[in-house]
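In case you want the letters, here they are:
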Amino acid sequence: MIGCRVEKDLNASGGGIHLSLNLDIPKGALVTLYGKSGVGKTSALRILAGLLTPDTGTIVVNGKVWFDAEKKINLKPQQRKIGFVFQDYALFPNMTVRQNLEYGGGRQSDPLLVDSLMDMVALKDLQGRLPATLSGGQKQRVALARALVQKPDILLLDEPLSALDMGIRAKLQDDILRVHREFGLTTLLISHNLGEIYRLSDRVIMMEGGKVVKEATADELFADRDISGKFKFTGEVVRIEEAEILFIVHVLIQNQVVKVVSRASEIEGLQIGDTVLVASKAFNPVLYKLG
Amino acid sequence: MNKFDGHIAEIQTHEQLSKVTAVLEGGLRIQAMVIETPDTADYMVEGGKISVHFKETEVILCLPETSGISEPNQVQGIIVSLESGVLLTWVCLQTKIGDIGAVIPSDAVKALDLSIGKKAVACVKTTEVMLSVI
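Sequences listed follow chains A and B, in order. Under the working numbering, the first residue of the first sequence is numbered 1, with each subsequent residue one higher. Under the working numbering, the first residue of the second sequence is numbered 1, with each subsequent residue one higher.
Treat the hints as calculated values from the structure; they're not laboratory data. What you are looking at is a predicted structure, and each value in this text was computed from that prediction instead of being measured. Take these hints with a grain of salt, some might be off.
[As the list claims (entries may be wrong)] Derived pair list, reagent style DSS-like, types lysine-lysine, alpha-carbon separation capped at 27 Å:
id : chain 1 : residue 1 : chain 2 : residue 2
1  : A       : Lys81     : A       : Lys232
2  : B       : Lys49     : A       : Lys232
3  : B       : Lys125    : A       : Lys232
4  : A       : Lys230    : B       : Lys3
5  : B       : Lys118    : B       : Lys19
6  : B       : Lys96     : B       : Lys125
7  : B       : Lys3      : B       : Lys96
8  : B       : Lys3      : B       : Lys119
9  : B       : Lys96     : A       : Lys259
10 : B       : Lys96     : A       : Lys232
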């Protein structure tokens with residue numbers, strides 16, 4: 001359990017904001033911080049990691065005090081058992097893939113763990129390569145593995161996939177989910193991609209102006225639950241085709257593609273990769289028994 | 001999607017189903033059959049502000065003199081635009097609740113001789129009308 005109750009004045013670009021966090025994150029949860037740029041999401045992760053010191057408050061993780069402004073307790077980042085993955089990978093350019101992982105593991109780097117992590121995210125064949133020779137997806141897999149060599153309790157992911165294209169993104173999402181479960185991590189993710197948020201998060205924390213304004217599941221937060229249609233699914237737009245006076249929108253719902261007929265006005269601004277709610281009345285579908 | 005704002009005037013509930021009568025602008029009534037009851041959905045209250053939604057492909061167009069239609073949701077209007085495809089045509093009907101779009105077979109446009117300026121009635125099945133809270 002992460003209990004984080006801190007305050008901090010931030011001098012954000014475009015004016016300062018006052019960050020006021022009141023978070024309770026259960027152990028083993030994967031929670032997404034969601035909100036516009038500049039609302040304090042990255043600062044929240046940096047505060048948890050010990051890279052930014054709050055003005056007041058406390059951070060208690062699994063019963064251990066990491067930060068207490070009054071008692072002047074402030075554990076250093078390396079004492080906090082945290083793995084951090086950034087959008088820009090932040091790999092050491094002069095070290096091979098394996099050396100990046102070993103360096104991340106510190107002096108007691110465990111070669112067996114390095115091996116098993118490289119297996120887990122399919123890096124074995126790349127272990128002798130330098131970061132400059134890797135694709136974006138490969139670099140981010142190295143960054144993810146490196147964040148785990150110190151066996152963290154908490155994994156912090158700051159828009160780790162936003163620079164990657166859709167296919168690679170899906171593969172990395174699988175990797176994140178797998179390591180999150182296998183390592184029993186508590187993971188905090190920053191993401192703007194609704195499909196990704198749906199796929200990965202147990203809970204979503206919505207932030208505005210330095211404060212948590214809502215906490216809910218992705219479904220509660222993003223799906224328009226007030227529409228009365230009972231046949232409702234969220235999916236991802238994978239193709240839009242023109243058909244006479246209409247458009248046929250192909251939507252990936254879990255692992256099936258469904259087609260929805262729409263007018264041009266309804267799909268204005270809709271793009272491939274967007275998350276949509278597909279809604280219909282319960283009176284329309286028919287059932288056929290299978291098998 | 002055709003979408004119009006109004007309020008709930010009447011709710012008739014039986015078991016899991018409710019027939020909701022919404023009053024729209026100009027006093028026009030539209031009925032929606034929903035799998036909700038006042039016990040299962042907060043918005044199901046008389047006087048509650050709601051929108052009614054129905055897809056253009058769920059609208060049937062009739063000529064004004066047509067009688068004996070099973071659907072109570074009938075809105076009179078004048079055709080203000082047509083967009084024809086080989087198989088389907090989009091017809092826009094100006095009514096007292098606003099413009100209603102209908103996607104109907106192009107053959108039917110010819111058979112009923114529908115053209116701009118003509119009167120028509122838009123019919124929508126109560127089981128095809130969705131509600132949302134404003």
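Taking the hints in turn, this is what the structure says about them:
no.: 1; hint: A:Lys81 <-> A:Lys232; verdict: 41 Å, violated
no.: 2; hint: B:Lys49 <-> A:Lys232; verdict: 22 Å, holds
no.: 3; hint: B:Lys125 <-> A:Lys232; verdict: 20 Å, holds
no.: 4; hint: A:Lys230 <-> B:Lys3; verdict: 18 Å, holds
no.: 5; hint: B:Lys118 <-> B:Lys19; verdict: 32 Å, violated
no.: 6; hint: B:Lys96 <-> B:Lys125; verdict: 19 Å, holds
no.: 7; hint: B:Lys3 <-> B:Lys96; verdict: 13 Å, holds
no.: 8; hint: B:Lys3 <-> B:Lys119; verdict: 21 Å, holds
no.: 9; hint: B:Lys96 <-> A:Lys259; verdict: 33 Å, violated
no.: 10; hint: B:Lys96 <-> A:Lys232; verdict: 31 Å, violated
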